[in-house]
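Just so you know, the protein sequences line up as chains P and H, in that order. Here the first sequence is numbered in full-length UniProt numbering, starting from 1 and rising by one per residue. Here the second sequence is numbered in full-length UniProt numbering, starting from 1 and rising by one per residue.
Rather than coming from a laboratory, the hints here were simulated on the basis of the structure. Take these hints with a grain of salt, some might be off.
Chain copies aren't distinguished; within one or between two, either way the pair holds.
Unchecked claim - Here are the simulated DSSO-like pairs of lysine-lysine, each with C-alpha atoms no more than 27 Å apart in a straight line:
| hint | residue 1 | residue 2 |
| --- | --- | --- |
| 1 | Lys142 | Lys185 |
| 2 | Lys76 | Lys185 |
| 3 | Lys112 | Lys35 |
| 4 | Lys155 | Lys12 |
| 5 | Lys35 | Lys83 |
| 6 | Lys206 | Lys185 |
| 7 | Lys142 | Lys12 |
| 8 | Lys112 | Lys185 |
| 9 | Lys206 | Lys83 |
| 10 | Lys112 | Lys40 |
| 11 | Lys35 | Lys206 |
| 12 | Lys40 | Lys142 |
| 13 | Lys206 | Lys142 |
| 14 | Lys142 | Lys35 |
| 15 | Lys206 | Lys112 |
| 16 | Lys76 | Lys171 |
| 17 | Lys157 | Lys76 |
| 18 | Lys171 | Lys35 |
| 19 | Lys12 | Lys35 |
| 20 | Lys40 | Lys83 |
| 21 | Lys206 | Lys76 |
| 22 | Lys40 | Lys157 |
| 23 | Lys12 | Lys185 |
Note that the structure is predicted; figures quoted are calculated from it, not measured.
If you want the building blocks of each chain, they are given just below.
There are 2 protein chains.
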Amino acid sequence: MYEKEISLAVIKRLPRYYRYLGELLENDVVRISSKELSEKMQVTASQIRQDLNNFGGFGQQGYGYNVEYLFTEIGKILGLDRKYNVIIIGAGNLGQALANYTDFERRGFLIKGIFDVNPRLEGISIRGNEIRMMETLEDFVKNNSVHIAALTIPKAKAPQVAADLVSWGVKAIWNFAPTDLNLPKDIMVENVHLAESLMRLSYNLKAREEQEREENQ
Amino acid sequence: MYEKEISLAVIKRLPRYYRYLGELLENDVVRISSKELSEKMQVTASQIRQDLNNFGGFGQQGYGYNVEYLFTEIGKILGLDRKYNVIIIGAGNLGQALANYTDFERRGFLIKGIFDVNPRLEGISIRGNEIRMMETLEDFVKNNSVHIAALTIPKAKAPQVAADLVSWGVKAIWNFAPTDLNLPKDIMVENVHLAESLMRLSYNLKAREEQEREENQ
């Protein structure tokens, strides 16, 4: 099977291919050459061919790529040919933002529950999901098939909540808390560290300003 | 100057060092060896030494790293020794979540304005910032020093709004819209593509399940 041999860098690029192909589909584009795709995505055509060759190609010499076929196949590789039940822990602004993204549902990620500690939020409905209290989380996870738990809670609480979820059978955590969770190796964790993203921006701003200062000397 | 030669991979790791060192500081840890830091961060000690050597080291043989010094120095490298004026375009859940993060302010990112097209949001105050209408954005940007604009608006609108902001003088965009912005090369863009992050999770879940199936055969 190919999954074990694909480099992390390729895997990181696949969702971007998927997004671009989705946009092409929306614009009724039927086929595209690796050269055109490369100009649109601002990566080299040989990079695109190399990346897609990891999965057996899909391209035809002189024709290019069939957009819908490639979109569907990359979707399968990304595991988007099935449904995922998702719960959100933390119903603050960020948790509510996640619950409100209709895009996720369209891709097969179904929000099945939203949990919070704040009793004032209890029963408030977000796109058909009533916010539940954390005391009911254990029962819910044990009695429902939960594939992914999104954590939008403070960093002090995240490691314990994640450990609990894992002990109740959850296999994948989408972690927005600014801390690493240190879970068993067979648990999938995807971190979204917003502060780190912002720091890369400040680093680049500073580096650019220093470069400009040097050029003006 | 070191900025031009540092690899992107190192730059991507720096905010993580900064976060860990910040946690050590909060716990009153004065010094740490690269071995201890490596166990905590789950990267190799030689990787840590190599990364930090890019910036002239900071470690002392037999003593390890002085946590506060290293934290401060990495902060300077990341451009956190100054203040950044940030505006948020889009006052939905995600925009409000960003406006509510006190962590950002502590690191020097000051929210100076929040903008939306929805008149029902006008004047609502989020941590002292009243939501303003988009018609006032141009004047605001031209009359205030705006370092970073966070875009939490739909993808259909993001490219035009980003182009406008750049034409009015904004140099850095923190983009949450699920699309690439294609701005001039001297504009710093940091993308947070949540759907892509979620797809990496589904990819890994699927790959793990297939691996398990194979092992059980």
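Practice prompt. Could you figure out if lysine 35 and lysine 206 sit no more than 27 Å apart (CA to CA) within one copy, between two copies, both or neither?
Written response: So lysine 35 and lysine 206 fail the 27 Å test inside a copy (34 Å) and across (30 Å) alike.
Discussion item. Within, between, both or neither: how does the pair lysine 142, lysine 12 come out at a Cα-Cα threshold of 27 Å?
Written reply: For lysine 142 and lysine 12, neither the intra-copy (32 Å) nor the inter-copy (37 Å) Cα distance is at most 27 Å.
Worksheet item: Is it within a copy, between copies, both, or neither that the alpha carbon of lysine 12 lies no farther than 27 Å from that of lysine 185?
Response: Answer is both: 19 Å inside a copy and 23 Å across each meet the 27 Å cutoff.
Discussion item. I want to check one pair: lysine 206 and lysine 185. Are their C-alpha atoms no more than 27 Å apart within a copy, between two copies, both, or neither?
Written reply: Answer is between; shortest inter-copy Cα gap is 15 Å, intra-copy 37 Å.
Discussion item. As a check of your reading, is lysine 142 near lysine 35 (CA-CA no more than 27 Å) within one copy, between copies, both or neither?
Written reply: For lysine 142 and lysine 35, the Cα distance exceeds 27 Å both inside one copy (50 Å) and across copies (39 Å).
Worksheet item: Checking lysine 76 and lysine 171: alpha-carbon separation at most 27 Å within a copy, between copies, both or neither?
Response: Within one copy only: 20 Å inside a chain, 38 Å across chains, cut-off 27 Å.
Discussion item. When Cα atoms must be at most 27 Å apart, do lysine 206 and lysine 142 count as within-copy, between-copy, both, or neither?
Written reply: For lysine 206 and lysine 142, the Cα distance is within 27 Å only across copies (21 Å; inside one copy 49 Å).
Worksheet entry | Identical-chain pair category, lysine 206 with lysine 76, by Cα at 27 Å | between (41 Å within a copy, 9 Å between copies)
Worksheet item: Between copies, within a copy, both or neither: which fits lysine 76 and lysine 185 at Cα up to 27 Å?
Response: within (24 Å within a copy, 34 Å between copies)
Worksheet item: Is it within, between, both or neither when you check lysine 157 against lysine 76 at 27 Å Cα-Cα?
Response: neither (35 Å within a copy, 29 Å between copies)
Worksheet item: How would you classify lysine 155 and lysine 12 at a CA-CA limit of 27 Å: within, between, both, or neither?
Response: Intra 25 Å, inter 21 Å, cutoff 27 Å: intra and inter.
Worksheet item: Checking lysine 206 and lysine 112: alpha-carbon separation at most 27 Å within a copy, between copies, both or neither?
Response: between (43 Å within a copy, 20 Å between copies)
The earlier numbered hints that this structure contradicts are 3, 5, 7, 10, 11, 12, 14, 17, 18 and 20.
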